[in-house]
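**Q** Modelling step: build the complete structure from the supplied sequences, incorporating the hints.
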Amino acid sequence: MTEIRFVDTTLRDGHLSLWASNMTTGMMLPVAERIDRAGFVAMELISGAHFKKAIRELKDDPFERVRLVAKRTPNTPLRLIAGAVNIFGIDPPSMYRLFLERLAAAGISQARISDPWNNPEGWRRRVEMNAAAGIEPIINLIYSVSPRHTDEHFVERVEAAARLPVKYLCFKDPGGLLTPESTARLAPLVLRHAGKMQVEFHTHCTTGLGPLCAIEAIKAGITVINTAIPPLANGASNPSVYNVAANARALGYRTAVDEDLLHAVTDHFTSIARHEGFPIGRPLEYDVAQYHHQVPGGMISNLGHQLRLVGKGDRIEEALEETARVRAELGYPIMVTPLSQFVGSQAAINIITGERYREVTDQTIDYALGRFGKEAVEAMDPEVRAKILDRPRARELERTEPHLPTLQEMRDKYGGAGVSDEEMLLRWITSKAEVDAMHAAGAPKEYRSARQPLVAMVESLSKRTGTERIHVGKPGFSLTMEKRAR
Amino acid sequence: MNRIRFVDTTLRDGHQSLWALRMRTGMMLPIAERMDAAGFESIELTTAVYFRIAIRDLKEDPFAMIRLMAGRITKTPLRLIASRINVFGYDPPSMYRLFLERCVANGLKEIRISDPWNDLEGWRRRAALARSVGLTPLLNIIYSVSPRHGDDYYAERTRQAASVGVFRLCLKDPGGLLTPERARTLVPIVLANAGDTPVELHTHCTTGLGPLVALEAIKAGVRIVNTGLPPLADGSALPSLFNVARNARALGFEPDIDEEVLRPVSEHFNTIARREGLPIGAPVEYDYAQYLHQVPGGMISNLANQLRLVGLDHRLAEALEETIRVRAEWGYPVMVTPLSQFVGSQAAINVILGERYKEVTDQTIGYALGYHGAEGAATMDPAVKAKILDRPRAKQLAALEFPDQSVEQTRAKLGGPDTGDDELLMRWFTSPQDVAAMRAAGPPCDYANAVRPLSALIDALSRRTDCSSIRVQKPGFTLTLEKRTVP
Numbered sequence: 001m002t003e004i005r006f007v008d009t010t011l012r013d014g015h016l017s018l019w020a021s022n023m024t025t026g027m028m029l030p031v032a033e034r035i036d037r038a039g040f041v042a043m044e045l046i047s048g049a050h051f052k053k054a055i056r057e058l059k060d061d062p063f064e065r066v067r068l069v070a071k072r073t074p075n076t077p078l079r080l081i082a083g084a085v086n087i088f089g090i091d092p093p094s095m096y097r098l099f100l101e102r103l104a105a106a107g108i109s110q111a112r113i114s115d116p117w118n119n120p121e122g123w124r125r126r127v128e129m130n131a132a133a134g135i136e137p138i139i140n141l142i143y144s145v146s147p148r149h150t151d152e153h154f155v156e157r158v159e160a161a162a163r164l165p166v167k168y169l170c171f172k173d174p175g176g177l178l179t180p181e182s183t184a185r186l187a188p189l190v191l192r193h194a195g196k197m198q199v200e201f202h203t204h205c206t207t208g209l210g211p212l213c214a215i216e217a218i219k220a221g222i223t224v225i226n227t228a229i230p231p232l233a234n235g236a237s238n239p240s241v242y243n244v245a246a247n248a249r250a251l252g253y254r255t256a257v258d259e260d261l262l263h264a265v266t267d268h269f270t271s272i273a274r275h276e277g278f279p280i281g282r283p284l285e286y287d288v289a290q291y292h293h294q295v296p297g298g299m300i301s302n303l304g305h306q307l308r309l310v311g312k313g314d315r316i317e318e319a320l321e322e323t324a325r326v327r328a329e330l331g332y333p334i335m336v337t338p339l340s341q342f343v344g345s346q347a348a349i350n351i352i353t354g355e356r357y358r359e360v361t362d363q364t365i366d367y368a369l370g371r372f373g374k375e376a377v378e379a380m381d382p383e384v385r386a387k388i389l390d391r392p393r394a395r396e397l398e399r400t401e402p403h404l405p406t407l408q409e410m411r412d413k414y415g416g417a418g419v420s421d422e423e424m425l426l427r428w429i430t431s432k433a434e435v436d437a438m439h440a441a442g443a444p445k446e447y448r449s450a451r452q453p454l455v456a457m458v459e460s461l462s463k464r465t466g467t468e469r470i471h472v473g474k475p476g477f478s479l480t481m482e483k484r485a486r
Numbered sequence: 001m002n003r004i005r006f007v008d009t010t011l012r013d014g015h016q017s018l019w020a021l022r023m024r025t026g027m028m029l030p031i032a033e034r035m036d037a038a039g040f041e042s043i044e045l046t047t048a049v050y051f052r053i054a055i056r057d058l059k060e061d062p063f064a065m066i067r068l069m070a071g072r073i074t075k076t077p078l079r080l081i082a083s084r085i086n087v088f089g090y091d092p093p094s095m096y097r098l099f100l101e102r103c104v105a106n107g108l109k110e111i112r113i114s115d116p117w118n119d120l121e122g123w124r125r126r127a128a129l130a131r132s133v134g135l136t137p138l139l140n141i142i143y144s145v146s147p148r149h150g151d152d153y154y155a156e157r158t159r160q161a162a163s164v165g166v167f168r169l170c171l172k173d174p175g176g177l178l179t180p181e182r183a184r185t186l187v188p189i190v191l192a193n194a195g196d197t198p199v200e201l202h203t204h205c206t207t208g209l210g211p212l213v214a215l216e217a218i219k220a221g222v223r224i225v226n227t228g229l230p231p232l233a234d235g236s237a238l239p240s241l242f243n244v245a246r247n248a249r250a251l252g253f254e255p256d257i258d259e260e261v262l263r264p265v266s267e268h269f270n271t272i273a274r275r276e277g278l279p280i281g282a283p284v285e286y287d288y289a290q291y292l293h294q295v296p297g298g299m300i301s302n303l304a305n306q307l308r309l310v311g312l313d314h315r316l317a318e319a320l321e322e323t324i325r326v327r328a329e330w331g332y333p334v335m336v337t338p339l340s341q342f343v344g345s346q347a348a349i350n351v352i353l354g355e356r357y358k359e360v361t362d363q364t365i366g367y368a369l370g371y372h373g374a375e376g377a378a379t380m381d382p383a384v385k386a387k388i389l390d391r392p393r394a395k396q397l398a399a400l401e402f403p404d405q406s407v408e409q410t411r412a413k414l415g416g417p418d419t420g421d422d423e424l425l426m427r428w429f430t431s432p433q434d435v436a437a438m439r440a441a442g443p444p445c446d447y448a449n450a451v452r453p454l455s456a457l458i459d460a461l462s463r464r465t466d467c468s469s470i471r472v473q474k475p476g477f478t479l480t481l482e483k484r485t486v487p
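Line order of the protein sequences matches chains A and B.
Per our numbering, the very first residue in the first sequence carries number 1; after that it's consecutive.
Per our numbering, the very first residue in the second sequence carries number 1; after that it's consecutive.
Bear in mind the hints are in silico, worked out from the structure with no lab data behind them.
Errors might be hidden in some of the hints.
[Claimed, not checked] Per label pair, the in silico range of CB-to-CB distance: (1) G252(A) - R72(B): 51 to 59 Å; (2) A440(B) - N302(A): 57 to 65 Å; (3) P77(B) - E318(A): 32 to 40 Å; (4) G252(A) - R5(B): 40 to 48 Å; (5) K59(B) - R325(A): 57 to 65 Å.
[Unchecked claim] As a list, the in silico DMTMM-like pairs of lysine to aspartate or glutamate whose alpha-carbon atoms are at most 20 Å apart: (6) K219(A) - D256(B); (7) K219(B) - E276(A); (8) K445(A) - E276(A); (9) K219(B) - E181(A); (10) K71(A) - D36(A).
From the three backbone atoms N, C-alpha and C, an ideal C-beta is built for every residue, glycine too.
**A** Okay, here's the thing in structure tokens:
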């Protein structure tokens, strides 16, 4: 009987998809040990994009987050989702290398890597960088829907991935665009051409189909599924571990996860959600329109906001249509960050100015120049490309190759005597002032769920080593704890 | 022909699936005219089970509900879902007929009819009866999953249903067991064999697939879909009208419905749900186990309760397994009321006693005798059938006859010759005491909608004809209304 194993995404994709990355280190610590004991293949913990948010808004040191969680999770590899740190700019390779080294030192042992074009050269570069830092790379094969993204395209890219020195491939569907039918068709193709790579499956519930696609992937032979723990499952997040495990068992599979251990984790995050007013992930209704424009939910609300600012809030439908059109003209990039943002912004500009490509963003120009993937140059509509590049700003950008500073230049700019590499990285990602403010906020405090205050108190008191005996007394209540040898 | 039409189920299946039929007449009245204006093909209004609940629990006259609604819904046909009255017992034909007659007299126009075996004779008999009282019948082809319920079965039963000559058929999936894949294979078969008779789709969202199944059915050629209005859609109810219409439009179809007129109806029921603590239908996660045992959700909780009573609640999974086995031995009846209850109860008894069929219910015996469909008795496992019937009680029941009691005999028993038909039916559904208690509670009143209490007050006051000036005063608030002729 085949055994199905799970990768937990709660601490990374779960709160990225549902809580706008607002989970603090203190919220993770009380449940980290439990998740570690549940038998996951790996736990997603952090991504490049989490860094800014953690430093600036949560006042959490992201490296410290990794260290503190790693200390509590000795059984489960911790995973980085190694996207860009600078979503819209270009990360200097020198700094990205250091970033990976420091994360490895803090406790990260695996990284899921993407190239927004599923481009084998992009994969190779990232695989080598991660391996050099001592991090096990997992290649993401990103699913997308377009005339370019045929079954042959995916087969060809899986074969290219199999030629790289990697052990793991993740069939990843960030937009929740897979349907049970397309999963049933593609998952066997991916498996067949994956060679020796172990294949895992990562989909989202954006159109309500995540749990169904996970089951189809299992039936097709994929044995490692990415899931989240409710309330950080469903909605725009990954399928619930309870749901996928129960359905897998109903189909006759064994499941390698201890769900009983996880119910307390669900209680913990549910009570935080209630307390902090964070959303609780719920199953969504099926939505066909999602497949037409493929604009991620977060981007739709952003697009609506941009249009409202210029008094064109009523034209959101038109902007979504325009997004679909711009995407086609740009050669059907996969709608993942940052490409989806480039497409969406250009579409909004086209609507706002009333003339298509009269104004273009610098990113649109760089895109047309191939700086966000060489495939774009061949795949674009030649007329649109000519129109984008036929302006002074395009010629200016073409002349100025982006400068990629060396590590020494970066040290000169952000470092200095007594500044550690981690500190320098944090300052590069945000600024010295913001990192100082983060340090000033102090170390993370465990977010104690108020459900069992007495149990929590007894537990933490019993861990104190400096005292033999503790007595707590108040009218009508007294508690005495004493250390005795067994 | 890309137009998609809708049948609304909010006022019947919606609250039957989600609110245990606890929607009061006063909750329906304020939105009736809006629903009539939206352009539904038909509106499901009531079912026989509702009558008992209305009289006993809601203390409301169900016939008055039909009359009041029919007074406000004048463009859209109102539909009855009632293939029987007594779920577990025997329906005297005279009373069932009177019930249908009174439903027509009070304002219902259509009846959607099931036979739990999708049996031609059962359909014919019920369709003829409906026509004879002036109701327009539709026939349900009930979907089920079993080795018996394959493509050939549905092709044959659809041809038979179409041969009855009703104006429409309905592919009905009460358990929410249709999947998108099955819809793709089954719907074309049903449509092809229905010939010129149009087919409606009626599916539930019990395993989260309702919205997907509705779209697949539309893609395969179904043009009339049964939906509910949120919060009485999703969950174990039907797909949401707004969802199906939006998705159909995204696929290039033209939904023939005014959604804007209906949004305030959703708001109205949302307000009621929040205030009364009634459930709000929400999409549920896909649940594969549902396909294995096919036990409706309401029955699972009932089964668990029965087991708890005898301290065996830890054996629920076993009882569900036993349900699958009993169903197979009984020739795979469709898991609809009442057959699903018979199967579930017998399975619970088998688990509780630890010996299979040592004790059997009267319904189990009746099933084996063919009282609940000749097909059931004919397709049962012969060894199981013999075991069920090899006991004194079975012989007793086999000898029993079911005389039809005339309406006048029933009237004499329940109140005498002065008792009107509606009153008689209600007493027969419940008891004379229950009906008297219902009457004592007074007529239904509008459910005050707290969204705009002041404008509702002004509106009601301004309609009064017995006074020309009204003044309402409280500290910090004065309202004066005066009638003047418009110049």
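**Q** Cβ-Cβ distance between A440(B) and N302(A): within 57 to 65 Å?
**A** holds, 60 Å
**Q** Quick one, are K71(A) and D36(A) close enough, alpha carbons at most 20 Å?
**A** holds, 11 Å
**Q** Cβ-Cβ distance between P77(B) and E318(A): within 32 to 40 Å?
**A** holds, 39 Å
**Q** Indicate whether the distance between the beta carbons of K59(B) and R325(A) respects the range 57 to 65 Å.
**A** holds, 60 Å
**Q** Should the hint that G252(A) and R72(B) are 51 to 59 Å apart at their CB atoms be regarded as holding?
**A** Roughly 53 Å apart at Cβ, these two residues keep to the hinted range, so it holds.
**Q** Within a Cα-Cα threshold of 20 Å, do K219(B) and E276(A) meet the stated pairing?
**A** violated, 44 Å
**Q** Quickly compare the C-alpha distance for K445(A) and E276(A) to 20 Å and report which way the hint goes.
**A** holds, 16 Å
**Q** Given the proposed pairing of K219(B) with E181(A), does the C-alpha separation stay at or below 20 Å?
**A** holds, 15 Å
**Q** Compare the distance between the alpha carbons of K219(A) and D256(B) with 20 Å, and conclude whether the hinted pair is satisfied.
**A** Cα-Cα ~39 Å, so violated.
**Q** For G252(A) and R5(B), compare the CB-CB distance with the range 40 to 48 Å and indicate the outcome.
**A** The hint (40 to 48 Å, Cβ to Cβ) holds, given that G252(A) and R5(B) are roughly 42 Å apart.
This entry does not satisfy hints 6 and 7, going by the numbered hints stated previously.
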